[in-house]
Amino acid sequence: MTIAPDKSTELVVPEGHVKLVIDGVEVVAPKGELLIRTAERLGTVIPRFCDHPLLEPAGACRQCLVEVEMGGRPMPKPQASCTMTVADGMVVKTQLTSPVADKAQQGVMELLLINHPLDCPICDKGGECPLQNQAIAHGRSDSRFHEHKRTFPKPINISTQVLLDRERCVLCQRCTRFSAQIAGDPFIELLERGAQQQIGVAQEKPFQSYFSGNTIQICPVGALTSAAYRFRARPFDLVSTPSVCEHCSSGCAERTDWRRGKVQRKLAGDDPQVNEEWICDKGRFAFRYATSADRITRPLVRDADTGELRESSWTEALQVAAAGLAQARDKGGVGVLPGGRLTVEDAYAYSKFARIALRSNDIDFRARPHSAEELEFLSGTTVFTNPDNGVTFQGIEKAPAALLVAFEPEEEAPIVFLRLRKAARKGTTKVFHLGQYTTPAVEKTSGTLLACVPGAEANAINALPDHAADVVELLSKPGAVILVGERAAEIPGTFTAVARLAERTGAKVAWIPRRAGERGALAVGATPNLLPGGRHVANAAARAEVERAWGVEEGSLPAAPGRDTTGILEAVANGELAGLVVGGVDPYDLPDPVLAEKALENAAFVVSLEQRHSAVTARADVVLPVAPAVEKSGSFLNWEGRRREFGTTLEGTGALPDCRVLDTLAVEMDADLFTQTPAAAAADLARLGDGAPTGSSLNVAAPLQSPAGAGKAVLATWHRLLGNGSLQVDEPHLAGTARPVVAKVAEATAAQFGLATGGHVTVSTDRGAITLPVETDDLPEGVIWLPTNSGDVTVRATLGAGHGSVVSVSAGSTSGVKS
Amino acid sequence: MFESLKGFGVTFGTMFKKVVTEEYPEVKKVTAPRFHGRHQLNRHPDGLEKCVGCELCAWACPADAIFVEGGDNTEEARFSPGERYGADYQINYLRCIGCGLCIEACPTRSLTMTNEYELADDNRQDLIFTKEDLLAPLLPGMEQPPHPMRLGDNEQDYYVNGPQLAKAAETKEAGA
Ligand code: SF4
Ligand code: SF4
Ligand code: FES
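Residue numbers (the UniProt record's numbering), protein chains in the order written: chain G, 1 to 819; chain L, 1 to 176.
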C-alpha cells in the first residue's frame with residue numbers, strides 16, 4: 001500500500017476518499033479512516049495502548065500523539081491519531097519526522113511509567129508486553145522519577161479466572177470497552193479519579209462473563225492475567241500452533257501455546273469471517289481434559305476370567321475387537337454411535353466403517369435428543385448449505401432480522417451471540433428470540449422475546465403471521481435469517497414450522513448445533529439415511545456412485561435406511577442388534593439414559609473408542625484409546641458449513657485419531673477404509689464430492705398443548721456453556737465462572753406451588769427428583785426452567801426428562817440438596 | 001661427546017626450576033575469586049528462596065542451558081516472598097559455557113556462580129542439575145521452605161529493608 005512519492009504522477013483520489021500527507025508521503029485514504037490506521041498502511045507504527053481495531057476509539061492513553069497541520073495551519077498541540085479521522089489536505093508528522101511528536105510520546109510514556117511497578121520479572125505479560133516494547137522504542141532511556149510509586153494490594157480476583165493487578169494498569173479502558181461494547185457484560189468499570197483511578201468490579205456482582213478471557217488477551221500490560229496460566233511460561237518458551245476450537249459449532253480460530261508437550265494456554269486467532277478476534281472462555285480455558293488423570297493411553301481388553309479391563313497390545317485389542325464385531329455383525333448386526341465431537345475425517349471413517357465393515361446403516365452421530373423430523377430437515381436442507389449459499393457469521397451481521405428458534409446463542413454458540421450483538425448494536429438487525437424467558441442473551445442483543453410454553457414453539461411459529469405480523473414482515477426482507485438450535489429436535493413440528501416460515505418469508509435457515517462435530521458428521525453421512533455428501537441411502541444411483549468411489553462390489557451398500565440413536569439403543573436392548581461401536585458418547589446426554597444403560601448391559605459386544613474412562617468404557621469389551629484434538633490433525637465443519645482445518649499441535653504423543661484406529665480395525669475385518677491418516681481420509685472424502693441437493697418433505701404437525709395438571713409444570717431446559725461437560729474437567733478456575741445453578745419460574749407459578757423467594761424447589765418425575773434454589777423470572781405460567789447439566793442438576797440422568805416434559809413441582813427443603 | 005653432556009645439563013638445570021605440574025586432584029587449585037563455576041540459587045536470611053521463577057536467566061542464556069518454570073506461592077506453601085517462585089529449575093552443564101550472562105540477568109541476585117569447577121561426570125543425566133542441587137545450603141538462622149515470611153509482612157520488606165531486617169533478626173537471636 002505504500003505509495004512512492006513520485007512527483008510526476010498525481011495521485012488519483014477515488015470517490016469517498018481523501019488525500020493527505022503523512023511524513024512527507026502523499027497518501028489516499030477512505031473518508032472516516034483513523035489516522036493511526038492510515039499511517040499503519042504506510043508502514044508507520046504509531047505507539048498505542050487503548051486503540052483496538054474492533055473497539056470504538058477512546059483516546060484514553062494519549063500515547064499515539066502526532067503533529068497535525070490542517071489547511072496550512074498547524075494545530076496548537078499534538079493530536080491523538082487514534083481518534084482523529086483523515087481529512088483532505090491534512091499534513092501529519094509522526095514520531096519519525098517530528099521531534100515534537102516524538103517528545104510528546106516520550107512524555108506520555110514517562111507519565112505512564114511513573115506509576116507502573118517494576119514487575120516485569122514476575123509479570124505474565126513480560127516478553128510479549130506492548131508497554132515493555134513501546135517503552136523501549138518510544139520512551140526515555142532513564143527515569144527522572146525518584147518518589148514512591150503508587151501501590152495497590154497485589155492482585156484481586158475479579159472472577160475465579162481473571163486476576164487484576166491495579167498498579168500495572170495504564171487505564172486504557174480496553175477491558176471495560178470490550179465488556180461494554182462487545183460482550184455486553186459491563187461488570188468491570190473505571191473507578192475513582194486522579195492518581196487513584198483504577199479498574200474495578202462492583203462489590204456485589206463478580207465479573208461474570210463468558211468472554212472474560214478476551215480482556216486478558218487485549219490488555220496491553222499485565223494488569224489482567226489468567227489464573228490458570230499464571231506464571232506457567234514465557235512467550236519464548238512457547239511454541240504457538242494455529243488451531244481450531246473443538247468445543248462448539250462456531251469453529252473459532254485459535255492459537256495454542258504449548259511447552260514440553262503440554263498445552264499452556266489458548267488465545268483467540270484472528271479470523272474476520274468467523275470469530276473476529278474473540279473466543280469464549282470455554283474455548284480459551286478448557287483444554288486440560290486431555291491431560292486429566294483418567295485419560296486412556298493403552299488399549300484395554302476385558303479379561304475373560306476376571307471380567308475386568310486389562311491393558312493389552314494394539315494387535316491383541318484390534319484382533320479381539322474385529323473378531324467380536326464380525327461375530328456380532330453376523331448374529332444380528334452392530335450399531336454405531338460416533339458422538340458429536342468428531343472431526344470430519346474421523347466421522348467419515350465411522351460412516352465408511354459402518355457401511356463397509358459392518359454392512360449397516362445403523363449409525364447416528366446424535367448423542368442427544370433427536371427426532372425423525374430433525375433428520376429429515378438436516379438431510380434434505382442443512383447438509384447442502386455452505387458459506388456460499390447459506391447463512392454465515394457475516395450474513396448475520398447484515399441481516400435485517402434474525403429469528404432464533406429453540407436456540408440460546410450465548411450458551412450454545414457464543415460467537416454467534418457476539419455477532420448477533422454486534423449486528424443489534426449497529427441498529428440494523430432486529431433479533432427475535434422464540435424461547436421461554438428474557439435470558440441475558442435476549443437483553444444483550446436488544447432482542448424481543450417471543451415467549452411460549454416449552455413444546456409450543458411450533459405452534460408459536462405457525463401463529464406468527466397472525467400474532468406478530470411485524471416479525472414476518474421483517475423476516476421477508478432480503479437477508480433475514482432464522483437460526484434453529486439443537487433443542488428443536490425435542491419439540492415436534494418445529495422444523496416443519498420453520499421450513500414453512502422460511503418458504504413464506506424467503507428467510508434463510510441455519511441449523512446451529514452445540515457440538516463441534518455435528519455438522520461435519522452430517523456431511524459425511526454418519527446418519528442412518530445418508531451417505532457422504534448428502535446422498536440418500538435409498539437412492540440407487542447415489543449408492544452406485546459411492547460404491548464406485550469406494551471400490552466396493554456393486555450393490556454391496558445397504559439400501560434400507562438404518563436406525564437412529566434411540567432405535568439403535570432399543571434394538572440392542574431387546575437383542576435385535578448384537579453389538580455397538582461407540583465413540584465419544586456420554587450415555588447421560590442421551591434422551592433416555594436408562595435405555596442406554598440397558599443397551600450397554602445387553603449388548604453382546606461393545607467396542608469403545610474413547611479418550612477418557614466413561615460409562616461406556618466401564619461396560620466395553622474392548623477400549624481403543626483415541627487422540628484428543630490437540631494430538632491430531634483434521635478439520636471441523638462449523639455450523640456455516642465452513643471447513644476449519646487444523647494441524648497437529650502436539651506431535652509424537654503416539655495417540656491415534658479415530659480414523660486411523662477404525663482403518664486398522666477394518667483391515668482386521670477384511671475391509672479397506674483408506675483412512676490411515678486424516679489427510680488420507682480427507683482426500684478419500686474429497687474424491688466423493690457432494691451429491692445432488694434433494695430437499696425435504698416435512699410434515700409433522702405441531703402438537704396440541706394440554707394443561708400440565710395439578711402439581712405439575714412443563715419443563716424448559718437447555719445446556720449452559722459452562723456446566724458438567726466432559727471437556728471441562730480439571731478446570732476449577734473456569735468452573736468458578738459458571739452461572740449459578742437455579743431453577744426459574746414465573747412469580748405466579750411460584751405462588752401457585754408455594755415457592756418462597758430464595759427458597760428451594762423440588763422437581764421430580766417417576767425416575768427421580770432434584771432440589772435446587774429457585775428464582776423468579778418472566779417465564780410463562782406453569783413452566784419451570786432448569787439447566788440441563790450443571791452441578792447437581794442432571795436433568796436427563798436424574799429425571800429422564802427433557803425440554804417440554806411434564807414434571808412434578810413442589811417446595812423443596814434445603815436439606816434435600818445433594819452436595 | 002661434549003654435546004651429550006650439554007643435554008644432561010638442561011635436565012639437571014630444570015630440576016632446580018619451579019614445577020608447573022598440578023597435583024590435581026590430590027591438591028585442589030584455588031581459583032580466581034570471580035571464577036565462573038557452578039551456579040547457586042541463593043536464599044533470603046530466613047531461608048526463603050530468592051528465585052522468583054522469572055526465567056530471565058533462561059532468556060539470557062546463549063546456550064539454552066537453563067530451564068525454569070514458575071509457580072504460585074500460597075499461604076500454605078510459601079517458597080519465596082511475594083507471589084511467584086521458581087517451581088522447577090534446571091541447569092544443563094552439558095550446555096553451559098560459563099559465560100555468566102544469566103547472573104547478570106537475574107533481577108533478585110538469586111542466581112550467582114560459585115568457584116566450584118568440578119563438573120565432570122560419566123553420564124548425561126547427572127549433569128542436569130535441578131533445584132535441589134543448586135540451592136544454597138541452609139545457614140544458621142535459615143529454615144527450610146516452605147514457610148511463611150519471617151522478615152516482614154510482604155516482599156517489599158525483603159527487597160527494600162532486607163539487610164536491616166536480617167541484621168535485626170541476627171542480633172535478636174544473639175541476644176536470646
Ligand atoms: S486493566 Fe489492562 S485493559 Fe484494562 S484499563 Fe488497565 S491496562 Fe487497560
Ligand atoms: S553461564 Fe552462560 S551459558 Fe551458562 S547457564 Fe548462564 S547464561 Fe547460560
Ligand atoms: S492509542 Fe490513541 S489515545 Fe490511546
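Keep in mind that the hints were calculated from the coordinates and are not lab data.
For glycine and all other residues, C-beta sits at the position ideal for the given N, C-alpha and C.
Careful: at least some of the hints might be erroneous.
[Unchecked claim] FRET-style restraints, in silico, Cβ to Cβ:
id, chain 1, residue 1, chain 2, residue 2, range
1, L, Asp-153, G, Ala-679, 55 to 61 Å
2, G, Glu-651, L, Cys-99, 29 to 35 Å
3, L, Asp-64, G, Ala-544, 42 to 48 Å
4, G, Thr-315, L, Glu-76, 33 to 39 Å
5, G, Thr-151, L, Ala-136, 44 to 50 Å
6, G, His-148, L, Asp-64, 36 to 42 Å
7, G, His-148, L, Gly-100, 56 to 62 Å
8, G, Leu-118, L, Ala-136, 53 to 59 Å
9, G, Ile-156, L, Gly-100, 36 to 42 Å
Outcome of the hint check:
no.: 1; hint: L:Asp-153 to G:Ala-679: 55 to 61 Å; verdict: holds, 59 Å
no.: 2; hint: G:Glu-651 to L:Cys-99: 29 to 35 Å; verdict: holds, 32 Å
no.: 3; hint: L:Asp-64 to G:Ala-544: 42 to 48 Å; verdict: violated, 60 Å
no.: 4; hint: G:Thr-315 to L:Glu-76: 33 to 39 Å; verdict: violated, 48 Å
no.: 5; hint: G:Thr-151 to L:Ala-136: 44 to 50 Å; verdict: violated, 30 Å
no.: 6; hint: G:His-148 to L:Asp-64: 36 to 42 Å; verdict: holds, 39 Å
no.: 7; hint: G:His-148 to L:Gly-100: 56 to 62 Å; verdict: violated, 33 Å
no.: 8; hint: G:Leu-118 to L:Ala-136: 53 to 59 Å; verdict: violated, 25 Å
no.: 9; hint: G:Ile-156 to L:Gly-100: 36 to 42 Å; verdict: holds, 39 Å
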